[in-house]
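K.L.:
Residue numbers (our numbering), protein chains in the order written: chain A, 24 to 275; chain B, 24 to 275; chain C, 24 to 275; chain D, 24 to 275; chain E, 24 to 275; chain F, 24 to 275; chain G, 24 to 275; chain H, 24 to 275.
Some hints could be false.
[As the list claims (entries may be wrong)] Per label pair, the in silico range of CB-to-CB distance:
1) H:ALA80 <-> D:GLU56: 53 to 59 Å
2) G:ALA135 <-> C:VAL115: 32 to 38 Å
3) E:GLU173 <-> H:THR140: 39 to 45 Å
4) E:LEU58 <-> F:PRO138: 32 to 38 Å
5) B:ALA133 <-> A:PRO119: 55 to 61 Å
Source of the hints: derived by calculation from the structure; they are not laboratory data.
Virtual Cβ for every residue (Gly too), placed ideally from N, Cα, C.
Protein chains: 8
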Amino acid sequence: MRRERVRDLLSKVADGSVPIDAALASLAQEPTESLGFATIDHHRALRQGFPEVVYAAGKTTEQLVAIARRIAERGDGVLATRVTAESAPALVAAIPGARHNALARTVMLAAANPPATARGTVLIVTAGTSDLPVAEEAAVTGEAMACATERLNDVGVAGIHRLLGRREVLDRAAVIVVVAGMDGALASVVGGLVRVPVIAVPTSVGYGASFGGIAPLLTMLNSCASGVTVVNIDNGFGAAVAAARILHGATP
Amino acid sequence: MRRERVRDLLSKVADGSVPIDAALASLAQEPTESLGFATIDHHRALRQGFPEVVYAAGKTTEQLVAIARRIAERGDGVLATRVTAESAPALVAAIPGARHNALARTVMLAAANPPATARGTVLIVTAGTSDLPVAEEAAVTGEAMACATERLNDVGVAGIHRLLGRREVLDRAAVIVVVAGMDGALASVVGGLVRVPVIAVPTSVGYGASFGGIAPLLTMLNSCASGVTVVNIDNGFGAAVAAARILHGATP
Amino acid sequence: MRRERVRDLLSKVADGSVPIDAALASLAQEPTESLGFATIDHHRALRQGFPEVVYAAGKTTEQLVAIARRIAERGDGVLATRVTAESAPALVAAIPGARHNALARTVMLAAANPPATARGTVLIVTAGTSDLPVAEEAAVTGEAMACATERLNDVGVAGIHRLLGRREVLDRAAVIVVVAGMDGALASVVGGLVRVPVIAVPTSVGYGASFGGIAPLLTMLNSCASGVTVVNIDNGFGAAVAAARILHGATP
Amino acid sequence: MRRERVRDLLSKVADGSVPIDAALASLAQEPTESLGFATIDHHRALRQGFPEVVYAAGKTTEQLVAIARRIAERGDGVLATRVTAESAPALVAAIPGARHNALARTVMLAAANPPATARGTVLIVTAGTSDLPVAEEAAVTGEAMACATERLNDVGVAGIHRLLGRREVLDRAAVIVVVAGMDGALASVVGGLVRVPVIAVPTSVGYGASFGGIAPLLTMLNSCASGVTVVNIDNGFGAAVAAARILHGATP
Amino acid sequence: MRRERVRDLLSKVADGSVPIDAALASLAQEPTESLGFATIDHHRALRQGFPEVVYAAGKTTEQLVAIARRIAERGDGVLATRVTAESAPALVAAIPGARHNALARTVMLAAANPPATARGTVLIVTAGTSDLPVAEEAAVTGEAMACATERLNDVGVAGIHRLLGRREVLDRAAVIVVVAGMDGALASVVGGLVRVPVIAVPTSVGYGASFGGIAPLLTMLNSCASGVTVVNIDNGFGAAVAAARILHGATP
Amino acid sequence: MRRERVRDLLSKVADGSVPIDAALASLAQEPTESLGFATIDHHRALRQGFPEVVYAAGKTTEQLVAIARRIAERGDGVLATRVTAESAPALVAAIPGARHNALARTVMLAAANPPATARGTVLIVTAGTSDLPVAEEAAVTGEAMACATERLNDVGVAGIHRLLGRREVLDRAAVIVVVAGMDGALASVVGGLVRVPVIAVPTSVGYGASFGGIAPLLTMLNSCASGVTVVNIDNGFGAAVAAARILHGATP
Amino acid sequence: MRRERVRDLLSKVADGSVPIDAALASLAQEPTESLGFATIDHHRALRQGFPEVVYAAGKTTEQLVAIARRIAERGDGVLATRVTAESAPALVAAIPGARHNALARTVMLAAANPPATARGTVLIVTAGTSDLPVAEEAAVTGEAMACATERLNDVGVAGIHRLLGRREVLDRAAVIVVVAGMDGALASVVGGLVRVPVIAVPTSVGYGASFGGIAPLLTMLNSCASGVTVVNIDNGFGAAVAAARILHGATP
Amino acid sequence: MRRERVRDLLSKVADGSVPIDAALASLAQEPTESLGFATIDHHRALRQGFPEVVYAAGKTTEQLVAIARRIAERGDGVLATRVTAESAPALVAAIPGARHNALARTVMLAAANPPATARGTVLIVTAGTSDLPVAEEAAVTGEAMACATERLNDVGVAGIHRLLGRREVLDRAAVIVVVAGMDGALASVVGGLVRVPVIAVPTSVGYGASFGGIAPLLTMLNSCASGVTVVNIDNGFGAAVAAARILHGATP
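Okay, chain A solo, but in the shape it has when bound (with noise of 0.2 Å):
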């Protein structure tokens, strides 16, 4: 949908010729657009509060940049996520504004009006120095859904204390992300100490029978916390916007 479209869409809103709910069901009738290879779901920021967001992995720089650029376009703001180093000049001299972070493999443009913050925090908790990838990508999501977020790295259960002297940062959270690898225990005594919602992410990080994040997936999936939630291996993105979905929307 062009913003001419929703300009006028929205003046006949205020003039009060057109009920808000009728504009917002038909702005979410709208049909989606079609680049041939793909077909740009643009309603999505709608429905979901942010636009689609661009899974880099498996597509072309030529594809990355022809699908970012027409999202870019409608001013809600663009994420791109699994960028490598490869695609990456190429995205940000496309899409002007936009940063690029080498860590957490993401090219991300602010929207236009953002949408305010959401009230409190995501806390993203990490085992290890190695998970800060996969935690990095949850906070460029975080960030890029108007969501507040906190760090508190390193504190793998081997160091119970190492948790433990940091009981204010865990209490003051909205939403807690866990992201560790290896036996991923630490979503079990994160989930057992607080009330809030824990988000678990397994990471690859690991010795052999890690089977690439299979064991603290296990881990986190029969976690003797109960009411730990868990995403996809190394998913920070998919755990960030799980965090925002709660921010955001569970409070009617």
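We have chain A already, so just place chains B, C, D, E, F, G and H on it with the hints.
P.N.:
Okay, now just chains B, C, D, E, F, G and H, sitting in the frame of chain A:
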């Protein structure tokens, strides 16, 4: 912690001689109670808003009764899950007022003075009739956690209009729990339709290559709808606790 | 079978001295051709309507060229799949008229006298842009097998309206090939919307717990839409051959 | 959709006041019927040519009877699969005219006015006697879907001449369903002998490392005969529906 | 080796006519005893400090009785593990003085002249009440191996203060055996708190994706606390033997 | 093939009117016999030296009796494996002279005129008493296949001297079948001690992470002793047939 | 064992002062040779008919050269497998007379006085051209082990007539090694056609769900043809050693 | 904790103004040090006898240098494992006195005042030359942990006499670490020969179905020798720490 000591402490809080934070901290340090074969975590209600839930699988009826009785004495309610048909009568007899739900395999006693019901409703959606026991466990748990629940049953994606025809039910939920076996695809479709948190529960329903729920588990972990989180196979209990964490806890 | 013998046989068919069935049977018994390291199945075109397809993975460029040349000499066309960028130029140079499709990783030469195109169209649907290489392999194979193909790209279930808004495309297909990675849920939704055959192709696109395509493979095998069939991970070629078997062969 | 409304609509189609496509579309939009624990998809017969099939596993006898009765009332026939010996008598008693097939574990009632039988025969081939229950489920399903079926039993590849000696049976089939456990190799051999569609069903028959059917499932997914498609382990029902999709639907 | 021969040999050692090393070697060369279906390793007590332990799973009651009797005759004690309720009475009847522990599924007869109890205590820690049978097997085995044991039950990480509040119990142990199912995270936390050897035993307790104990097994193998070692799922026996190897054997 | 026809053919061979090779070929072409649910491969005795063996798992007692009777009528003997205690009496009653071996789960009838016993003995070695049923199946099969067998039981590597003390038994074998569960290590040790063929049979005996025999299966496939071959888990039958192929067939 | 001592021993055998068996036993007890990082098993040639084979994977070129040189000095020949293109030249340079086979990845030096070639031929059959490297490793190993080999390439079951048309090749083999990837079905078909030993080698050739050779491995373990034995994935070396054990060793 | 504060504290201990236990407790409470991306656990040396070991995988060279420098400043030594060839020079340059072991992939700096070497030797046994890097990592770690080590290389069970001929080496060890890939059988054989603790390390050395070390891992977990414990695949470091826990810690 026996009630007398809590009453004493609270009266000091009331007259200002003990500040609130200090009292809360003190309560959280209270020693646990040991039955020899079990160590009851009595201040879990303080940390997490509900007493320790009794996971009945692998425990003898005698152990169940002993543990549940101690928890019930404190007046914060009791929830036992995975209770077999053999153990349920003894539990119900031992705890006056407790109710057995055979489909959900739970025994529950409401708290004497339950906390205020959370704002917002948990919608529990099932893909098929065979998923009902898991959904029922989630519903009973939600009730125990003081969350209002609603149900939408048998709306799997093989007949997508069954779901799309009920958009208004989806739209009024604060949190959605999706319970599905076989292909588990319902979680992705629901996740793409709403902006509130979606918690997916894979079930062990299905033909051979479902592998006892691995197939829908993987589907849900790989959901193309962003921000869907997942709990363990058949874990309706855990999904409801996660929902309660969101509704009670995530809004500081 | 050398062309002279075929010509001789066919002239006898033409003058009635050999009945058609007998000639067909005789052709089917023709000995295969041995290159030492390979045994070319020259009468596969008779049994199955297309010459033996060359699976390039694990073969040297020299082997590929030798095999493809022998097949090309018979005039029934050539298809090589999984051709690397290194091997493609030599193949194209060796077989006049052959075309290389880099996205599909194929080299194809059309038959001199291709069979009549099958009635009905094969619709190839993808869940995301990253599934395109597999879809392209299916499209090239369909073309080689004399089947008309159509494409519907990037209509995964995270934005279900992208698919539902294109019902007319689904409704005019005779066979639908669904190509999807990650959760693979698209196959179930499509399978529930149409009554024609649906062939699902899982792809190796996705985050960690996709496990190189196992997640969508299991999703598709457990599809709650009845009668969806599945081929191997990333096997666009096989899906198109299955579609060709349906359009050419299943209507006696 | 109640019959009265269908009659009304059809009379309008008959007198030309409603065009055929519009009527079909309208029928497809008809709301589903809710039994509380189940949402019956009554227009599946319109979309896919047969009413919703009842998968009995995980349902109580009471639920089965309630669902099957509602479907039976519409006169399009009923098929229930995976019916246990315990549930079958109640189902047969509740649905006049229904027949129980103990080997196939099905209960079926033919449609009052069945559609015309599809052109072409579905040949169901088994590798061994132990594969019979799955093959029988396929045969009953084929009958319910108005497809003629033929059987070729116990022709596994350990004695390849048993199969080769029956080439004429293979040659007259329009679709072939191959049911095999253990090594599952029969699907590849049949797939290499015919040009019609071949649908492979792995069964859970076999020694230890069959792993409940994983071995033949993998064999069939990796078939060196091109274009063989696969359904879930022991899923004779799904294979027959796939065959019916081909014979009824793939020829526009 | 019957006691008479040992006594004879030892008297020769005592009077110096046979040197110690030679006697030890001679004992170690003693032929094993064959029962036809079994080959009893009678000098295992010499090599490893305890007679061959009888693993009852897969043996008939008759075989168990025959084997246990022969071992008992030598006076070094008997331990049978995984004894079913059906076999236990016959074993107890056949071996005067043997005791059956139903929770641990063991039958044990103490040695006539047990070796000196090892210095240091084996602490057996469980995460939950459901882990008790495995812990009990470890405790009985420890007793049989002449090791003092202590217990700390139900201190899983969902309530980490239950464990931290008992630091003094951890601190006085010489070896710690951690028995845990579900997420298995307790082993890592304990491993990070102490410097003595920690042996982790995963149990098959848990929900679906525990996969019969694979989840805690992988957690423990990937423990972020260094130097935690692991035994097989539910193998309380093996953990206790490992502890006995440490307390009896590792200090030359 | 009925005996009369064979006698006729053989008399022609005797008088020279049919050469031996031609007769053998003709016999190998004889049509199979169909019982509807089964296709008996009557000339397997000619191709492989023993009639088709009946795998009883998954067959009804009626089917077993029908198939075994037809095979028995031809006089070449009968072997049925995996016969349950329920089916065995009917089989023994139906086939005069057949014997049931409950440990091996076999029913066997010797051939009327058995072939000459092969030169060389098959030694069947077990690691533990729990492996006996599989070893017994191998022994019965060897007997049916006219191979002499010897046994060496309970010589697992935990007491390596039990094996090393019996070198002379190993040294006089022509083929060795090693049957072992748990760690399966015995196959490697035996394989390193002898130069004759070693066939390894993993068994499903063991604790949790044996995974029903996967652990010893992988051990044996990865044997560091070269040239050890492996059959399926618990497949004593297959190992004995492999031994018979070696002793009867490999020396032209 | 140094050559001088062997000569001394052999001269005593020659003059009768040491019986043959005693000499053989003595040789078999000879201590191994230690290079520090390796312990060469010099009397493997005595125990098993060929010197220790050098498995090159994971060894440095320097280690390879050192080990191979020591073995070569004894004059019984050398075989190194899995030799990389980087290591091969140094090996060939260090061992005069050794030949490198790039396809098989072997370096081999024939024995100075090779043993008599075994009676009977090893036939190596491949399903496809991509299986050639594994087959070549088997062929080189067979040659090293003094076994005559023959080849039959690219006769997979997708064109079963390619195999059936070469029955005479199958019929003249003493042992058959079947090398196949993808569905691995060829082993079952061959196993059903012949009575000699069949050794199956799964290869890592194939599409996604081949899982690096697991698919054909399981197919072969579950072969419906009795008595087919299996070696590890891509283990052409092991299959040839197994064949050599049969041809050299199994006929006492 | 900086050295000055420790000296101060210790002088108070020396003059009796602070009791030992209090000083130890105080040291253990010392806050950790945060580098932002890492939280260094400085009192691990107090709790576990050695400073936090740096696991280099997944860390940048800059992070490694920063972390290692801080640890080195405290004078208790440094150990970094899994150091790549790229990172090693910078680490060695940054930490005067540190040594790089390329085979073990470690960088180590000895403690300024190392603790007394433990009584008893750790024997590290390898099955093959390819297991050396893992064994070397164990040896370096043992040295860092103040444990004497001895080596016995290349004594796998395919030539069991290589091991049996070195019984005296086994007999003088206090703890044995067995490093083995492929079939992993060596751990069981060693475990059956000695009574001291045996720690098994599976390695990722081997052919296809080794699956990156799963095969020996399962072998070792299922060891028929009682009381063998296991660490993660390729985890030589963890095995040595476990040995150090035994030698330093298990004898109170």
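K.L.:
Flag every earlier hint the structure violates by its number, smallest first.
P.N.:
2, 3
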